[in-house]
Amino acid sequence: MGASAAVIAFGSYTMVLDYEFEENDMKRFTLLFTMALAFAACFACCPAWAAPSAIDGSTTMTVATTAADTAAVAESSIAVGTQAKKPRVLYRVQVSTQGWKAWAANGKAAKAKKRGLSIQGIRLKVAGAKGAIRYKTLVQGRGWEKSWRTDGMPSGASKNRALEAVRIQLTGDLAGQYDVYYRVYTAKSGWMHWARNGAKAGTVGLNRPVERIEVKLVAKGQAAPGRLAKAFRNKHGFIAGVPNSEVAVKYRAHVQSVGWQNYKYDGATAGTTGRGLQVEALQFSLGGAARGGISYRSLVQDVGWEEDWSSNGQVSGTQGQSLPIEAVQIELTGEAQEAFDVYYRVHASDVGWMGWASNGDKAGTSGYGHRVESLQVRFVPKGGDAPGSTEDAYLYRSSELGDRIAAIAVAEYESGAAAGDFHKGGKKYWSRFRKNYEAWCSEFAGWCMVEAGLVPGDTMPANPTYANAYVKFYRARPDLATVHPNDGTYLPQRGDIVIYVNGKGEPSHTEICVESCEDGRYADVSGNSGGGRVRYLEKPFPVGGVGYYISFND
Numbered sequence: 001m002g003a004s005a006a007v008i009a010f011g012s013y014t015m016v017l018d019y020e021f022e023e024n025d026m027k028r029f030t031l032l033f034t035m036a037l038a039f040a041a042c043f044a045c046c047p048a049w050a051a052p053s054a055i056d057g058s059t060t061m062t063v064a065t066t067a068a069d070t071a072a073v074a075e076s077s078i079a080v081g082t083q084a085k086k087p088r089v090l091y092r093v094q095v096s097t098q099g100w101k102a103w104a105a106n107g108k109a110a111k112a113k114k115r116g117l118s119i120q121g122i123r124l125k126v127a128g129a130k131g132a133i134r135y136k137t138l139v140q141g142r143g144w145e146k147s148w149r150t151d152g153m154p155s156g157a158s159k160n161r162a163l164e165a166v167r168i169q170l171t172g173d174l175a176g177q178y179d180v181y182y183r184v185y186t187a188k189s190g191w192m193h194w195a196r197n198g199a200k201a202g203t204v205g206l207n208r209p210v211e212r213i214e215v216k217l218v219a220k221g222q223a224a225p226g227r228l229a230k231a232f233r234n235k236h237g238f239i240a241g242v243p244n245s246e247v248a249v250k251y252r253a254h255v256q257s258v259g260w261q262n263y264k265y266d267g268a269t270a271g272t273t274g275r276g277l278q279v280e281a282l283q284f285s286l287g288g289a290a291r292g293g294i295s296y297r298s299l300v301q302d303v304g305w306e307e308d309w310s311s312n313g314q315v316s317g318t319q320g321q322s323l324p325i326e327a328v329q330i331e332l333t334g335e336a337q338e339a340f341d342v343y344y345r346v347h348a349s350d351v352g353w354m355g356w357a358s359n360g361d362k363a364g365t366s367g368y369g370h371r372v373e374s375l376q377v378r379f380v381p382k383g384g385d386a387p388g389s390t391e392d393a394y395l396y397r398s399s400e401l402g403d404r405i406a407a408i409a410v411a412e413y414e415s416g417a418a419a420g421d422f423h424k425g426g427k428k429y430w431s432r433f434r435k436n437y438e439a440w441c442s443e444f445a446g447w448c449m450v451e452a453g454l455v456p457g458d459t460m461p462a463n464p465t466y467a468n469a470y471v472k473f474y475r476a477r478p479d480l481a482t483v484h485p486n487d488g489t490y491l492p493q494r495g496d497i498v499i500y501v502n503g504k505g506e507p508s509h510t511e512i513c514v515e516s517c518e519d520g521r522y523a524d525v526s527g528n529s530g531g532g533r534v535r536y537l538e539k540p541f542p543v544g545g546v547g548y549y550i551s552f553n554d
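If you're matching positions, the sequence shown starts at 1 in the numbering used here and goes up one per residue.
Since the hints were made in silico from the structure, they are not lab data.
Take these hints with a grain of salt, some might be off.
Unchecked claim - 27 Å max Cα-Cα, derived BS3-like pairs, lysine-lysine:
#1 Lys86 <-> Lys130
#2 Lys159 <-> Lys146
#3 Lys86 <-> Lys108
#4 Lys85 <-> Lys146
#5 Lys159 <-> Lys86
#6 Lys188 <-> Lys108
#7 Lys220 <-> Lys86
#8 Lys235 <-> Lys264
#9 Lys188 <-> Lys136
#10 Lys136 <-> Lys108
#11 Lys85 <-> Lys108
#12 Lys101 <-> Lys220
#13 Lys220 <-> Lys108
#14 Lys235 <-> Lys111
#15 Lys472 <-> Lys428
#16 Lys159 <-> Lys111
#17 Lys188 <-> Lys85
#18 Lys159 <-> Lys136
Since we're looking at a predicted model, the values are computed, not measured.
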């Protein structure tokens, strides 16, 4: 059928009725035409309405339900005076066996009247704003269209070929003020997540045609209408609905004898290799138009893991102190965390490139003295494959002897040993070294050491019944262990003997470290503690009252 138009003018007021006939639409057009006549009658009966000066401007009502082949299409707006209008995105779809459907706007689903019918074409335009909208579609069996369509032009519209995916972008002034969000409903998948500003929405290679679509304009800086992580899917998995311009991370390293290097991007190497130069500080931030944030922290030699995380360009590590970074953690926040996994790996001295860590996991080494010399960072769509092997991304070292001592102490705790009478509960431990009861925290540590294979008088104190015995013995035997004063420079490791001191600085209590100092905390198992029990305690580092940590050599 052909197009028709009705124009009704009265005074400075005009009503334009544009319409393109589709089958069985005569009744609808008659109704709209009658409404227009009624509108005109209202103005005839109310002269005040007809005076332009009464409202300080002109009034125009446009009612349109047309095909996008005509120049004036699909706008319904009432402009009063100079009042600004929020722009609206208008879109319509061509449905298999049903043809072009009515226009939808601002997030309302454009769809077929019956489920299971695929969309074969789409048209979009924006009303009420300067700028344009462009779009292209992935046509089943043909692939992506080579060129963009704009402002009401049909995209797809191939006979008997369904759409599988769509991309939509704003241009001109509008692109600086709004984001365009869109999502599709596909066969077998249902509603997928939202895509934004030219990213792909839909599927490819899965035979899941698009059956519905929603499009929204959202002011810059406002939240997305929903999740973005699973907007597009191929045979390998889901891809987030964000454009390539937002898939960017930048980072740089402060290198020994070099200083701050230039920023690197998306997998490039920051730092050096083959020169033996340590990385001492790092900065990370999101590049391009990426949204959300990035947080990170470093394990600094002789300092430990930083207690506070840095974020969005802040410095992690040290400058001017010649302290190398040994390991790093990185994680995304906000919208970036929803859309991407962040992968990172380090090149460590005497090791080389290590495996890829991700999303806050540790990358590097601890306890070996290996220095980070360079690193790489990459974004991967949420749930996507790692950029390489994830084996040995982080290596932590404690002594084998220390591991055995710690394991024995934990087993005693978990067995409920020594529960009950304060004096008799620890007899299992103190009776190995003396005949009569005595506060047995030191004897408990000695008992665990003997069970781990140490020999009293040879590789451990002959009479470990008081805390100072450990300090004296191992100070005289540096070949067996190292006595570290609690000055904040040594991080307690699994199996270390922890010596507390009293107000005079004299050794007074003994515990066993069973979990290494990670995340600013470590754990002890203590004998003769909490009512004569073996007790497990997590503690912040550094711990007040600790005088020494004794670590065993391999």
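Now for the hints, and whether the structure bears them out:
1. Lys86 <-> Lys130: holds (11 Å)
2. Lys159 <-> Lys146: holds (18 Å)
3. Lys86 <-> Lys108: Holds, because 16 Å separates the two Cα atoms, which is no more than 27 Å.
4. Lys85 <-> Lys146: violated (34 Å)
5. Lys159 <-> Lys86: violated (36 Å)
6. Lys188 <-> Lys108: holds (21 Å)
7. Lys220 <-> Lys86: OK: lysine 220 and lysine 86 at ~13 Å, within 27 Å.
8. Lys235 <-> Lys264: This hinted pair is violated, its Cα atoms lying about 31 Å apart.
9. Lys188 <-> Lys136: Cα-Cα ~23 Å, so holds.
10. Lys136 <-> Lys108: holds (20 Å)
11. Lys85 <-> Lys108: holds (19 Å)
12. Lys101 <-> Lys220: violated (30 Å)
13. Lys220 <-> Lys108: holds (20 Å)
14. Lys235 <-> Lys111: Distance of about 26 Å is within 27 Å: holds.
15. Lys472 <-> Lys428: holds (25 Å)
16. Lys159 <-> Lys111: holds (17 Å)
17. Lys188 <-> Lys85: Answer violated: lysine 188 to lysine 85 is near 39 Å, above 27 Å.
18. Lys159 <-> Lys136: holds (17 Å)
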